[in-house]
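Given these sequences and hints, build the entire structure.
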Amino acid sequence: MTKHIFALPQPDLGLPKGPPYPPTTAGLGGKPTLGLDVPVTAVFLALFIGGAVVNMAILQINRKRDHKFLFSGVMFGFCMARITTCIMRIVWATRLSNARIAIAAQIFVFAGVILIFIINIVLALRLLRALHPDIGWKRMISLLFYVYIFSIILVLAALITCTVQSFYTLSHNTRRIDHDVQLFGATYYAVAAFLPTPIVLISWLTHHRSKADHFGSGSVNGKIMLLLFTSTLLTLGAAFRAGTNFYSRPANHPAWHAHGPENINKTMAANPPARRVITGHTPDGKATIISDVTLTPVSPADPTNLSHQAENGGFINLWRTDGFPANVNGTPKESHGAAVPISDSTDTIIRIVDLAPGVSVPMHRTISNDVVHVTKGELTLELDDGVETVLKAGDTCVQRGTEAVVEGKRLATVDI
1 MTKHIFALPQ
11 PDLGLPKGPP
21 YPPTTAGLGG
31 KPTLGLDVPV
41 TAVFLALFIG
51 GAVVNMAILQ
61 INRKRDHKFL
71 FSGVMFGFCM
81 ARITTCIMRI
91 VWATRLSNAR
101 IAIAAQIFVF
111 AGVILIFIIN
121 IVLALRLLRA
131 LHPDIGWKRM
141 ISLLFYVYIF
151 SIILVLAALI
161 TCTVQSFYTL
171 SHNTRRIDHD
181 VQLFGATYYA
191 VAAFLPTPIV
201 LISWLTHHRS
211 KADHFGSGSV
221 NGKIMLLLFT
231 STLLTLGAAF
241 RAGTNFYSRP
251 ANHPAWHAHG
261 PENINKTMAA
271 NPPARRVITG
281 HTPDGKATII
291 SDVTLTPVSP
301 ADPTNLSHQA
311 ENGGFINLWR
321 TDGFPANVNG
331 TPKESHGAAV
341 PISDSTDTII
351 RIVDLAPGVS
361 VPMHRTISND
371 VVHVTKGELT
381 LELDDGVETV
391 LKAGDTCVQR
401 GTEAVVEGKR
411 LATVDI
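Just so we're aligned: the sequence shown equals residues 1 to 416 in the UniProt record's numbering.
Listed next, with one range per pair, are the computed distances between beta-carbon atoms:
no., residue 1, residue 2, range
1, V371, L154, 46 to 54 Å
2, L36, G394, 26 to 34 Å
3, T279, P19, 42 to 50 Å
4, W137, A158, 27 to 35 Å
5, N98, F44, 16 to 24 Å
6, F229, S171, 39 to 47 Å
7, G237, Y21, 22 to 30 Å
Below, computed lysine-lysine pairings styled on DSBU-like, alpha-carbon distance capped at 30 Å:
no., residue 1, residue 2
8, K223, K138
9, K64, K223
10, K392, K376
11, K211, K138
12, K223, K211
13, K68, K138
14, K211, K68
15, K68, K223
Worth flagging that the hints you see were computed from the coordinates, not collected in a lab. Backbone N, C-alpha and C define an ideal beta-carbon position, used for all residues, glycine too.
Right, here's the structure in full:
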């Protein structure tokens, strides 16, 4: 059974005519999907709406009692930012080709989380004043805290500017600068998330007074535990986001965290080893077989490790030409077990790919002609305008540089 994907070079096909331009690196979480992301995001949307209502109610009740508890107002702002983010992501799932919606969703993620950073830093200062009033109430200490909070807002402005700019330029140098600023911002926010922890721990461990100054309701120890808990959660999230930024992957070869959850555990389904026979010429010009090997499927996450397979199989790089038109006389280069790109501007790439039932390849575009022949099972081809086409065994699709989602259907493995 022969199973091919041909990627013929067509460099200028499908390129965006103007800004905003798609990013060249994979984003955290990948592009949203209607079947998975929308229901999950809708649940979080309902939770944040409830949080906004509760915090605004607390703020108004306290205001009528002449009690200014501004943290409720800040938490209301955080919930509103997250509500907007959830709405943007749901809309983005229905309009995957609209980069402006993706930009807006990313900006509101930045804007929302810094409010929690600021709350924790202010609470850390208040606990420092309660445990060590002789230090915490010094004007210089207060000034340092306020300057640091202001710097968090400045970093947010820089992140928003560089994020938007990166979508509106093709300059490699400008994008490099934007990425450097984003790396700095992600690291800065990871530090901001962690900073309350050492401040409070040191203040707590060095506290020798018989009783701490009381503020608000509840015990000081309870406030310390709450702050340490929230600071730990924020640090884990901020550090993970920073780490993924430092270890960014190409958009056409994302890491596991840039896929939908259904693609983490079963990206590819089991396909058997494939026998590949390569012909060539003897020194006197006669035809001969120069290679006859069996190729074992490899993991798409680690194509260079021939001993590492995906949980349910993988894919096989059968052949890759050396230039276009192909050179039929040179020594062939081994493509299986090599980091072969999804598409190439000069070569033809032939692959065997199997998809498990229900597994989808996220919305993507390759600047190439992809000739897809289905030999077993059924798959659904969904374009960015929502149009779906079912391909059955024996069908062939010529995908000419268009954005599409490919999903395996039925109970049988799909071979393409």
